[in-house]
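Number of protein chains: 4
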Amino acid sequence: MKRLTLRDQKTLHYTLSPFHKPTLTVSPGESVVVETEDAFSGQIRKPGDRRDTEKIPWGNPQSGPIYVEGANRGDALLVDIVKIEPTIGQGATRIPPLGYYPGLSTLPLAKVLGVELPHGSRICPIKDGKVYFSEKLALPYEPMVGTIGTAPEIEAITSVLPGPHGGNMDFADICPGARVYLPANAPGALLYIGDAHAAQGDAEISGTAIEMPAEITIKIDLVKGKRLRWPRIELADYIVTTSTTGAGRTLEDATRSAFFEMILWLEEEYGMDRWEAYQLCTQVARVRMGNIWSISTKFPKKYL
Amino acid sequence: MKRLTLRDQKTLHYTLSPFHKPTLTVSPGESVVVETEDAFSGQIRKPGDRRDTEKIPWGNPQSGPIYVEGANRGDALLVDIVKIEPTIGQGATRIPPLGYYPGLSTLPLAKVLGVELPHGSRICPIKDGKVYFSEKLALPYEPMVGTIGTAPEIEAITSVLPGPHGGNMDFADICPGARVYLPANAPGALLYIGDAHAAQGDAEISGTAIEMPAEITIKIDLVKGKRLRWPRIELADYIVTTSTTGAGRTLEDATRSAFFEMILWLEEEYGMDRWEAYQLCTQVARVRMGNIWSISTKFPKKYL
Amino acid sequence: MKRLTLRDQKTLHYTLSPFHKPTLTVSPGESVVVETEDAFSGQIRKPGDRRDTEKIPWGNPQSGPIYVEGANRGDALLVDIVKIEPTIGQGATRIPPLGYYPGLSTLPLAKVLGVELPHGSRICPIKDGKVYFSEKLALPYEPMVGTIGTAPEIEAITSVLPGPHGGNMDFADICPGARVYLPANAPGALLYIGDAHAAQGDAEISGTAIEMPAEITIKIDLVKGKRLRWPRIELADYIVTTSTTGAGRTLEDATRSAFFEMILWLEEEYGMDRWEAYQLCTQVARVRMGNIWSISTKFPKKYL
Amino acid sequence: MKRLTLRDQKTLHYTLSPFHKPTLTVSPGESVVVETEDAFSGQIRKPGDRRDTEKIPWGNPQSGPIYVEGANRGDALLVDIVKIEPTIGQGATRIPPLGYYPGLSTLPLAKVLGVELPHGSRICPIKDGKVYFSEKLALPYEPMVGTIGTAPEIEAITSVLPGPHGGNMDFADICPGARVYLPANAPGALLYIGDAHAAQGDAEISGTAIEMPAEITIKIDLVKGKRLRWPRIELADYIVTTSTTGAGRTLEDATRSAFFEMILWLEEEYGMDRWEAYQLCTQVARVRMGNIWSISTKFPKKYL
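Each protein sequence line maps, in turn, to chains A, B, C and D. Going by numbering that gives the first Met the number 0, 298 is the number at position 299 of the first sequence; the sequence numbering is gapless. Going by numbering that gives the first Met the number 0, 275 is the number at position 276 of the second sequence; the sequence numbering is gapless. Going by numbering that gives the first Met the number 0, 7 is the number at position 8 of the third sequence; the sequence numbering is gapless. Going by numbering that gives the first Met the number 0, 241 is the number at position 242 of the fourth sequence; the sequence numbering is gapless.
These are calculated hints, taken from the structure and not from any lab test. For glycine and all other residues, C-beta sits at the position ideal for the given N, C-alpha and C. Hints may contain errors.
Under the rule of at most 30 Å between Cα atoms (straight-line distance), these lysine-lysine pairs were calculated in the DSBU-like manner [to be verified]:
| id | chain 1 | residue 1 | chain 2 | residue 2 |
| --- | --- | --- | --- | --- |
| 1 | D | 126 | C | 300 |
| 2 | A | 135 | A | 82 |
| 3 | B | 300 | B | 20 |
| 4 | B | 20 | C | 20 |
| 5 | C | 1 | C | 225 |
| 6 | B | 20 | A | 301 |
| 7 | B | 301 | A | 126 |
| 8 | C | 110 | B | 300 |
Sample of chain A residues at the chain B side, in silico, Cβ under 7 Å [what the hints assert, rightly or not]:
| id | residue |
| --- | --- |
| 9 | 18 |
| 10 | 111 |
| 11 | 113 |
| 12 | 117 |
| 13 | 131 |
| 14 | 202 |
| 15 | 204 |
| 16 | 284 |
| 17 | 285 |
| 18 | 286 |
Required output: the full structure, derived from the provided sequences and hints.
Right, here's the structure in full:
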């Protein structure tokens, strides 16, 4: 199996971009083990550690891009999440400054209020299928991929934000067993991956899950001619559409967007009438938030 | 056990209001069977039926208010949902006009576009623990209470909207076994209930679940001196806080609001440090949408 | 000219509601001088004064309702703002607690942060066409009506919020010379008015303008059979449509809503093609925010 | 005076990016005439013309980047808008497809509804200080720069969206006489400019103003060590702060953000106490929307 180590990778990336040189090339159908750094760029490794933003002003470094042979704009990648393993036996979390707070970010309220939150650095050992939030509290190890996406066609998008290209969606459903469909927008599709979490709640309200460096095993396939507006996911029991907030898309709009994508999917691939699909989704669909910027709609496979 | 039938009720209510006369009085600890009409005011009973908005311009009629002895502003009601049974062996759903569409309502886009959606009236028989979405497709009967709330102190709020007083929250988690805490804002608290659903997906995207007239069995308790900003729910496995959208609260704000309520709850009643609670919620909380206006945060009881 | 004094009024109202008894009845075409209290219920009259929310938990008291003979659901009131005069030669402003902060209200962020803002009580003398923000800084006296609206049909809506019925819209354009169209939803329309401001900036960002008790002279007319979805305003140079935020209407949606209302108005009453109106609005319309919940679209009369 | 013609420019850019090679280099203090294409990439020049998105899938082409000697991350550019002249004596507007509609974009509602809007291509001759919306309707020629911004540090951002780096803000106030402050994020700052409008209303509701190819005369200065979170503008009578919507910033948040920036500006450069500034802004500030993604707060200079 091919491997993309941090050593091979040399430079991690803070944008999903068509301008970075591939660090690995694969053929459709190949499996790869990708080594990824944690979202703190490895700066929080022991109690008391803090982010050094002078040294690294950005967050959420990505491995890749991986060039997929034969992929072109208008195709889709299908990425199977096979396995996610911690590489240093621990994860970490913290409380970001108020200015960072999702929704208040770039909003100088924090500066006006002059409030400082506790730093809250917390190292969480991982062993025997458990993540130790504290000495007393063990959570189940439920690993997931926080950030996965392809290069946009002409943009380079910060790895902190999600969008139609994927990116920092933080869906806990992107875990071993999940199949992720991503739009290809550039030659080779240029897959980025990183930001593994040992555990994460819906909405990731503080903005930092239990972040860990990891080895992520994926299998990469190519679906020629499949044009996607947004990433899709297939789980054991659900098909899933996604959307994200952004200029012109509030969380309300993103929710509707994910539903409309589902309705069109049910019509196009499963032969359901769109209005019947609309009515059926109203009764059986589940909604799951990734972080506060991303949302997904889940339709139970048993009704397909 | 006391009963509040539609016959007793005489007039159903389209607002949650301190101005309606109680139709029943209970002592704390009493159980009641409340008969409720469906959200269409019973106007859709056979295929082809349509809402007659000349006759009844409002939606979502409520039974009650039930006066709870001893309740006053600053107390909380605790309502146990015991049982929800269909009264006519069927439910109904439809596709509301575009103008109604959540988020576009009162927004004359529909009028500008001149679009008309199919009516989509659909009668769904309920039997043997199944709801028949169609002849071919049976869904599990998973009944829930769409609307439950208390009278605001001085306002009369349309039964179509949710708010800090409860109302049309459409949480599928408000099902048999759930314990719902509601703020008391007026003497007797004045409990309203209605809008039973035989099944409903998260976000209730079309705005109409499988709506049914029902008999709802509840047990009503009083928690003196418990002041609530928003309704709370206790489930077998979770404690749940809620919030809703409204002027000054986008869906992003409502999500944060529900989380902050949870953090304060964990601090006040379970002795957790608020910042530790904030960090722990980030790893283990679940978010569940009711309709597109309401959202809940769920914290697993096993970590209390 | 008829007068409605605070003494006549006896009890001020904190909701716009069909349930309050009229304090004055007028015939269409009559002018009235209405005495109004300030938004602090008169509790801030000298430096150091604070709101006593134990005594009066609500804000923004209203005079009225005024019963307009012949008005019924489906008609419109036309209210000319003739004159606004301070009654005690001063106004007042303050900084509300963070919990109040528009958009954070009912959001317990403030409680989590434990932040307290300065109280900021400020008495502003008004004389010779000036409002003294401080001894050194005189602003022009530019009086306006913060809250004006009619009773909803079955709801009683807090006087703090705006909505399709009018209410706390805080449009600085509702000043002497403005003609305000309001929907009638109940017999007699039941007009409420209050919350005069000696000066106010767009968005009223702290939530409190220079609030003053005032005598407001209005002329009340009735337009039979004119059904309105939202209030409209006519100024010397503009026709104006309005909208507000609320559950299902973000500020983005409210902005679009006001534009679509304008486009339909231009089509229905001025014979413009709706798509041409849409294109022309894109080039010449102005947008003005009232408070952070309300927004208006202004079309220049010279292009009618 | 230096000139940057479309011929010199060779390739127009559809992102604001640090990866494009400068097409001109200037010293601080120099003036430049920049030739810009219209937002349709010149594809709509006569009645009936349509956008050919096969040929050019992106919108809003930019001239530049202009390298400013001595500029570095942490400095600010000061760009004086001197003159804006149409180069072909006409502008054009149209109605974009529903899918494009701001707020519904990337939201497949249009596809679900199957609605098609009229194309609405309209050529508008410009002469003698007038823009001819139609043969009968002449609007004043009020030219403005729709898009101006600097390269982000590591991102390449579509020229269609605005952000902290500037970009497609569509503020009608960016007209001759305006002084625009932009953050420098990269060596040389890399200024992009384009998207001139002959006229535009607030919110640019259809998404297309009267778009024209133009010659824009600017003077470029450098303010060393001036760190900006967002662009600022100085007008004859106002100082102006700006913000934009985006993931985590609804229009409500963006409005507050622009106000908080203003309050901090008043404190830092004009010695006002921040809470007094907050109170004064509440009374005297104006808010002006650019397009539906961008908003500005204006403080009258007379109160400085």
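Status of each hint after checking the structure:
The hinted pair formed by residue 126 of chain D and residue 300 of chain C meets the criterion: a straight-line CA distance of about 23 Å does not exceed 30 Å. Pair hint residue 135 of chain A plus residue 82 of chain A holds up; C-alpha atoms about 27 Å apart against a cutoff of 30 Å. A hinted pair counts as satisfied when its Cα atoms are at most 30 Å apart, and residue 300 of chain B with residue 20 of chain B does not qualify at roughly 39 Å. At roughly 19 Å between alpha-carbon atoms, residue 20 of chain B and residue 20 of chain C fall within 30 Å of each other, so this suggested pair holds.
With a C-alpha separation of about 26 Å, the suggested pairing of residue 1 of chain C with residue 225 of chain C holds against the 30 Å cut-off. At most 30 Å may separate the alpha-carbon atoms for a hinted pair to count; residue 20 of chain B and residue 301 of chain A exceed this at roughly 47 Å. The straight-line distance between the Cα atoms of residue 301 of chain B and residue 126 of chain A is roughly 20 Å, inside the 30 Å bound, and the hint therefore holds. Our distance criterion of 30 Å between C-alpha atoms is met by residue 110 of chain C and residue 300 of chain B, whose separation comes to about 24 Å.
Interface restraint check for residue 18 of chain A: the shortest CB-CB distance to chain B comes to about 32 Å, outside 7 Å, so the restraint is violated. A hinted interface residue such as residue 111 of chain A counts as satisfied when its beta carbon comes closer than 7 Å to some beta carbon of chain B; here the least separation is about 18 Å, so the hint is violated. Interface restraint check: residue 113 of chain A against chain B, minimum CB-CB distance 18 Å, threshold 7 Å, status violated. Checking residue 117 of chain A against chain B by beta carbon gives a least distance of about 5 Å; that is within 7 Å, so the hint holds.
Checking residue 131 of chain A against chain B: minimum C-beta separation of about 11 Å lies over 7 Å; hint violated. At about 5 Å, the closest approach between the beta carbon of residue 202 of chain A and any beta carbon in chain B falls short of 7 Å, and the interface hint on this residue holds. At a threshold of 7 Å, the smallest CB-CB gap from residue 204 of chain A to chain B is about 5 Å, leaving the interface hint in force. Annotation: interface hint on residue 284 of chain A holds; nearest CB of chain B at approximately 4 Å, less than 7 Å.
Given hint, residue 285 of chain A at the interface with chain B, holds; its Cβ is 5 Å from that chain's nearest Cβ, closer than 7 Å. Here the hint on residue 286 of chain A is kept, as its CB sits about 4 Å from the closest CB of chain B, short of 7 Å.
Of the numbered hints given earlier, the model fails hints 3, 6, 9, 10, 11 and 13; all others are met.
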